[in-house]
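Produce the complete structure using the sequences and hints provided.
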Amino acid sequence: MYISERIKRVDRFYGKIGLTIGNFEGHHRGHAEILGSLVNESRKRGLYSAVITFKEHPLKILGGVDPEKLWAPCEKIYSFKKA
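According to this note's numbering, the sequence shown is numbered sequentially starting from 1.
Mixed in with the good hints there might be a few duds.
[Unchecked claim] Computed Cβ-Cβ distance ranges for the label pairs, DEER-style:
(1) Lys-69 to Leu-19: 19 to 27 Å
(2) Lys-44 to Pro-67: 32 to 40 Å
(3) Arg-45 to Glu-68: 31 to 39 Å
(4) Lys-16 to Gly-64: 32 to 40 Å
(5) Glu-68 to Gly-46: 35 to 43 Å
(6) Gly-15 to Asp-66: 32 to 40 Å
(7) Asn-40 to Val-65: 29 to 37 Å
These aren't lab readings, by the way, just hints derived from the structure by calculation.
Just so it is clear, CB atoms sit at the ideal spot from N, CA and C, and this is done for glycine as well.
Here is the structure:
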């Protein structure tokens, strides 16, 4: 899986990606199902699979609430590499 920390670097895949967006804090069954479906459907359609996630929780940015992090950012990236 291609990992990029900047959205500008995914432009080479423009029009060729299956995409999901989420915080993905902790990798539970629901997340595994979403990512598995994304990868499978993307393969069927000849697309790259991609995930947009966040270093900071969206609630912190939008509402000033800072939920407890279950994973360090490097653990989150590692979980995507394994998916």
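These are the hints, each one checked on the structure:
1. Between Lys-69 and Leu-19 the beta carbons are some 23 Å apart, a value that agrees with the proposed interval 19 to 27 Å.
2. At about 35 Å, the CB distance of Lys-44 to Pro-67 agrees with the hint of 32 to 40 Å.
3. Remark: the range hint 31 to 39 Å for Arg-45 to Glu-68 is upheld by a beta-carbon distance near 37 Å.
4. Look at Lys-16 against Gly-64: about 37 Å separates their beta carbons, and that is inside 32 to 40 Å.
5. Distance hint for Glu-68 and Gly-46: a CB-CB separation of about 40 Å, consistent with the stated range 35 to 43 Å.
6. Against the hinted window of 32 to 40 Å, the Cβ-Cβ separation of Gly-15 and Asp-66 comes to about 36 Å, which satisfies the hint.
7. Asn-40 and Val-65 have their C-beta atoms about 34 Å apart, which keeps the hinted 29 to 37 Å range intact.
Going down the numbered hints, you'll see the structure goes against none, and every one checks out.
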